[in-house]
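Asker: Quick note, the sequences are listed as chains A and B, same order.
Residue numbers for the first sequence follow the UniProt record's numbering, beginning at 1 and rising by one.
Residue numbers for the second sequence follow the UniProt record's numbering, beginning at 1 and rising by one.
Among the hints, erroneous ones may be present.
[Unchecked claim] As a list, the in silico EDC-like pairs of lysine to aspartate or glutamate whose alpha-carbon atoms are at most 20 Å apart:
id: 1; chain 1: A; residue 1: LYS87; chain 2: B; residue 2: GLU192
id: 2; chain 1: A; residue 1: LYS122; chain 2: B; residue 2: ASP73
id: 3; chain 1: A; residue 1: LYS269; chain 2: B; residue 2: GLU102
id: 4; chain 1: A; residue 1: LYS87; chain 2: B; residue 2: ASP114
[To be verified] Examples of chain B residues toward chain A, derived with CB under 10 Å:
id: 5; residue: ARG74
id: 6; residue: VAL110
id: 7; residue: ASP111
id: 8; residue: TYR112
id: 9; residue: VAL126
id: 10; residue: THR130
id: 11; residue: ASP162
id: 12; residue: ASP170
id: 13; residue: ARG184
Hints listed in this document are in silico derivations from the structure and should not be mistaken for laboratory results.
The C-beta atom is built at its ideal place from N, Cα and C for all residues, glycine as well.
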Amino acid sequence: MTTTDPHADPYAGSRETTEGRVFTVTGGDWDLTFGGADQFAQERLVVNMGPQHPSTHGVLRLVLDLEGETVTQARVVIGYLHTGIEKNVEYRTWTQGTTFVTRMDYLAPLFNETAYCLAVEKLLGIEVPERATTIRVLVMELNRIASHLVGLATFGMEMGALTGMTNGFRERELVLDLLEEITGLRMNHAYVRPGGLAQDLPPGIEDRIREWLAIMPERVAGFHRLLTGQPIWQRRLRDVGYLDVTGCVALGVTGPILRSAGLPWDLRKVEPYCGYETYDFEVPTADTADAWGRYLVRMAEVGESMKIIEQALDRLRPGPVMVEDKKIAWPAQLSLGPDGMGNSLDHVQHIMSQSMEALIHHFKLVTEGFRVPAGQVYTAIESPRGELGFHVVSDGGTRPFRVHVRDPSFTNLQATAAMSEGGMIADVIAAIASVDPVMGGVDR
Amino acid sequence: MSEGPFRTGAFGVTGTGDTSGFGGLVRVEPGGAVTLHSTDRPYGGWFDEVADALAEAVGQQVYDAAVRRVVVDRGEITWFVAREHLLVLAQALRDDDALRFELCSSVSGVDYLDSGGPAGERLHVVVHLTSMTYRRRIRLEVAVSAEDPRVPSLTGVYPTADWHEREAFDMFGIVFDGHPALTRILMPDDWEGHPQRKDYPLGGVPVEYHGASTPPPDERRSYR
Numbered sequence: 001m002t003t004t005d006p007h008a009d010p011y012a013g014s015r016e017t018t019e020g021r022v023f024t025v026t027g028g029d030w031d032l033t034f035g036g037a038d039q040f041a042q043e044r045l046v047v048n049m050g051p052q053h054p055s056t057h058g059v060l061r062l063v064l065d066l067e068g069e070t071v072t073q074a075r076v077v078i079g080y081l082h083t084g085i086e087k088n089v090e091y092r093t094w095t096q097g098t099t100f101v102t103r104m105d106y107l108a109p110l111f112n113e114t115a116y117c118l119a120v121e122k123l124l125g126i127e128v129p130e131r132a133t134t135i136r137v138l139v140m141e142l143n144r145i146a147s148h149l150v151g152l153a154t155f156g157m158e159m160g161a162l163t164g165m166t167n168g169f170r171e172r173e174l175v176l177d178l179l180e181e182i183t184g185l186r187m188n189h190a191y192v193r194p195g196g197l198a199q200d201l202p203p204g205i206e207d208r209i210r211e212w213l214a215i216m217p218e219r220v221a222g223f224h225r226l227l228t229g230q231p232i233w234q235r236r237l238r239d240v241g242y243l244d245v246t247g248c249v250a251l252g253v254t255g256p257i258l259r260s261a262g263l264p265w266d267l268r269k270v271e272p273y274c275g276y277e278t279y280d281f282e283v284p285t286a287d288t289a290d291a292w293g294r295y296l297v298r299m300a301e302v303g304e305s306m307k308i309i310e311q312a313l314d315r316l317r318p319g320p321v322m323v324e325d326k327k328i329a330w331p332a333q334l335s336l337g338p339d340g341m342g343n344s345l346d347h348v349q350h351i352m353s354q355s356m357e358a359l360i361h362h363f364k365l366v367t368e369g370f371r372v373p374a375g376q377v378y379t380a381i382e383s384p385r386g387e388l389g390f391h392v393v394s395d396g397g398t399r400p401f402r403v404h405v406r407d408p409s410f411t412n413l414q415a416t417a418a419m420s421e422g423g424m425i426a427d428v429i430a431a432i433a434s435v436d437p438v439m440g441g442v443d444r
Numbered sequence: 001m002s003e004g005p006f007r008t009g010a011f012g013v014t015g016t017g018d019t020s021g022f023g024g025l026v027r028v029e030p031g032g033a034v035t036l037h038s039t040d041r042p043y044g045g046w047f048d049e050v051a052d053a054l055a056e057a058v059g060q061q062v063y064d065a066a067v068r069r070v071v072v073d074r075g076e077i078t079w080f081v082a083r084e085h086l087l088v089l090a091q092a093l094r095d096d097d098a099l100r101f102e103l104c105s106s107v108s109g110v111d112y113l114d115s116g117g118p119a120g121e122r123l124h125v126v127v128h129l130t131s132m133t134y135r136r137r138i139r140l141e142v143a144v145s146a147e148d149p150r151v152p153s154l155t156g157v158y159p160t161a162d163w164h165e166r167e168a169f170d171m172f173g174i175v176f177d178g179h180p181a182l183t184r185i186l187m188p189d190d191w192e193g194h195p196q197r198k199d200y201p202l203g204g205v206p207v208e209y210h211g212a213s214t215p216p217p218d219e220r221r222s223y224r
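For reference, chain B alone in the conformation it holds in the complex (with noise of 0.2 Å):
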């Protein structure tokens, strides 16, 4: 177990799916992904000659207004950065000579529902770049409120995010300033609500059947 505040207990678990009455003996709270604290220099490996070019290319008053917190965990480098300027980020990590990450592998979304921090800060933008060039892969984090949640779209810098980006749209809600045609993908044009939301409800309405009637999933034991 990693930093977090822990729990302890063994019985009266909720949120694990547990059914068997035990629970676990040390969790991590959920949101505990996120919570993890800035690593500190030296990132270690080629980390930091990332983070050096990056911030030169973009100059270091800029990198240090963008760039909230770096976390190197697991081998992997996350930059949590703030929207106003990801794309300028995004552009100097394309076409600058020392970064070169040519391809956006991946955009999704994620909602840590209970831990966005005093600003609400609870939708994640994940953004999943790779250099060919040099053969290393970051990523990029991107948080905005659920009641605000707008982000700069990449599809000007990478054309590929523009499916990933309406996909993150259609099951989050993520709006996506600059994206040519933001609209749903895989949901039903006429879909209401962002399904892969945390808070989102799920599925169905009590069915009743000989007078009784079945609680809709959420509500059933297993899913509290």
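Chain A extracted, bound-state conformation (with noise of 0.2 Å):
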């Protein structure tokens, strides 16, 4: 090269031939930016999933580190679906909390209104009648029985096997055909109150909670035919997402994917509360600590609760579905309308012609609510995610001073980077779906 000729080219060689000049043109300056770079760094990227993503299971923002198609970190960004409960129910009376709080979760509404009033009956020092807990218990379990539906079916989308989605969501429906002729709403059902229920149940229910009882077992089995021996359901979960009995303990995560892990901490058996160490059934694990399963867990969990429902049906006894407080108990008495509101003639025949100090009573009860002694409680119960706690204080007055709700999905989903780092991107996928997290409950 002559560096002295005022023609030379600064990015191409050239040299002097007998046929003429002569350019050899390289890779202009490249080799000088990247000569010497780490190999992999000039792979990694960052690629952001979501919050509007079809696989992440809701509105979830994952920020993932690659080198290739292997997560090197895995970041969850949440509060996308951050609707301030804990603050609105602090505004409004205990009774018109379990409206909010049933909306947080809202695949397992029932239990989060179930968990709230516990907390608050604790709180008051009451008991609620055994036909009230009774039906706590079978519509929770109900509720269960729907939502490993969702988390089934939900699995399946993102996983690519859509009829699992279709299937899953047509079985939920039978669910919340119950449940909706039970309270009236498919969703947010704000049934289970403090000191018992809304209404009792509908006549005839019972006969269709058994019929229904009796399809489920050949649609559990379809599924079991259409993903369990599916060689690709398999190899995509299997080995993937593991979490053992130490990680899911230190980072606080319950429900299946303990279970998965082999230990089987289920609050109904270890901590039972509406009597469920009355009911006879098992606690499903595995031992495989993956994706798979926990899977397995989920579709064990609903021959389980159909266990509980069976049982729960044969000890239905008449008698009240509300606590015998008038100063705590909402008119239970009532009847379910064309609207799907329920209505008690002969109570609002009472207060409008009969007692001017029951229409006191009621539109103080109903205006400003009953009060709570002060103190704080923490129950928890066994969701369909895991253990889902209420840590609720009260002032003494008509409104909940702090309620905190230590959702499961919530802490669940701490463990996405200890599952999913060092896997493949496709994986993560699979790990999060296996979490199973519900977005309503994340972020409240």
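Two chains, two frames, some hints: make the complex.
Answerer: Take a look at the structure:
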């Protein structure tokens, strides 16, 4: 190269030959820029997934650092569904609180309501009637099946098994039909109230639940035929999203994830509430600690919940579904109207034309609500996703002073990084789907 | 009704959302929850066992310095502890064979606005611990003032406290020293203020429409 040549090109060396000047064109200054740089660092890629993404299980945002297809770092960003439910509850009466908490984990509304009501009842120091407790167990287990079916359906959808999704939502609709008949609403029921239930079971519902119980085993078997034995399904799930018992407990992970790692920790067994100690059921576990184990645990739990529903139906006895104390009890002797709202003509007649005091009492109870003695409690129940805890503080007034919800999805989602770092990007989807977070509960 | 200063009267009630005008005949003043008196020994049940084991694990001197008050209420036990000893207690509670509180169920905040005592310790960090071995639950509570809202982070002892502490920071402005990345988690990153504090204004600016204006929610009647 002749550097003194005024015609020299700075990016292409040249030399004189017998056939004229020959230029040697190289890759410009790229070698200078990247020479000696780390081979892998060149492939480092930061991918943003979500919050609007069909495979992130709701409005969940993932920031993934990739080397090739390997995830080196997974960060989870939440808060896109934050609606300030905990704050809102502080400005409503204790009874109205149910209508807010039911909207948190919207796939398990009856668990939110029951856990909240158990906390309020513990603060009040009251016991709800036996029939109310049995119906709570009944609707919670129906709800658990519905929730697991959605977990299964979205699992299928995110893995590309779309028939799993359509079937899951189809079977869930059967459960929702039952819940609609019982509570008046498919979701966000506000059916469980402090002191008992909003209303009694409609006539004839026991028979319809039994009819449903009769067809359900075949539907569950259909899932096993469709997915369980399928090689693609197995290979997508096995050894994916591994988290052992130590990891689960350190990260506070409970529910099917903990049980898939082999620890039979189910609050219905270890800390019974609502009389679960008197029901005969098993706690399914797996020993694989991966997405496959979680899938099997959830499938098995559907069967166990059906056993509990059957026993709850058998022990339903006529009786009140709300506490006797008229200072707390919402008028519960309602009948369901065509619009889905409960009403009681006897009660209306009583307060409107017979007793002025009853009218005053009704007015005070509805507008102001009842008072709850000051103090704080923590109650936890086993929701479909794990330990659902309510820390409720009362200052003695008619409204909660503070309601904090320990939502299992919120806590379990922390395990995303532990489950997916070092794996393939496609396995991140499987890992999160196996956690089955509900963003309404995560963000509250 | 339990302990606490009582107020009587039928009308002019504030702070209850009462729109009926009658109000309560007897009510406990806000903050009754924290003015509960310390429970005397014996606490009853396994509570004494845990208290003894904890004192033994950290040493009686540290225990006496760390524990300000122990309250047993509604079958639940709460240790009100000084923040500088929180980590020592948590480590012992997790690791001691007689205690074994392996699972940290929840870390959250509560703002007792008007009842922080002379030191103004209105912000409480409430930690719920679960012993999976013995099937027990206890509660630790640390009170700090809004001017110095610093509490040591539990993330080193219980990694699960990570997001819970971020939420308590986001909502109450409690600063957890030693947390690996204490950022907002539910509210947007550029949000100002901590929404679940009791003195946080309830939303909005006055909205003007056709010359009339609607006040923000906390200036409306039922929220006063």
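Asker: Does each hint hold? Answer for all of them.
Answerer: To see whether the hints hold, each was checked on the structure:
1. A:LYS87 <-> B:GLU192: holds, 16 Å
2. A:LYS122 <-> B:ASP73: Since the Cα atoms of A:LYS122 and B:ASP73 sit roughly 11 Å apart, the hinted pair holds (cutoff 20 Å).
3. A:LYS269 <-> B:GLU102: holds, 18 Å
4. A:LYS87 <-> B:ASP114: Since the Cα atoms of A:LYS87 and B:ASP114 sit roughly 18 Å apart, the hinted pair holds (cutoff 20 Å).
5. ARG74: holds, 6 Å
6. VAL110: holds, 5 Å
7. ASP111: Check passed: Cβ of B:ASP111 comes within 8 Å of chain A, closer than 10 Å.
8. TYR112: holds, 8 Å
9. VAL126: Holds - the Cβ of B:VAL126 comes within 10 Å of chain A, reaching about 6 Å at its closest.
10. THR130: Given a least distance of 8 Å, the restraint on B:THR130 holds.
11. ASP162: holds, 6 Å
12. ASP170: holds, 8 Å
13. ARG184: Hint on B:ARG184: holds, closest Cβ of chain A at ~8 Å, below 10 Å.
Violated hints are absent here; each numbered hint is respected by the structure.
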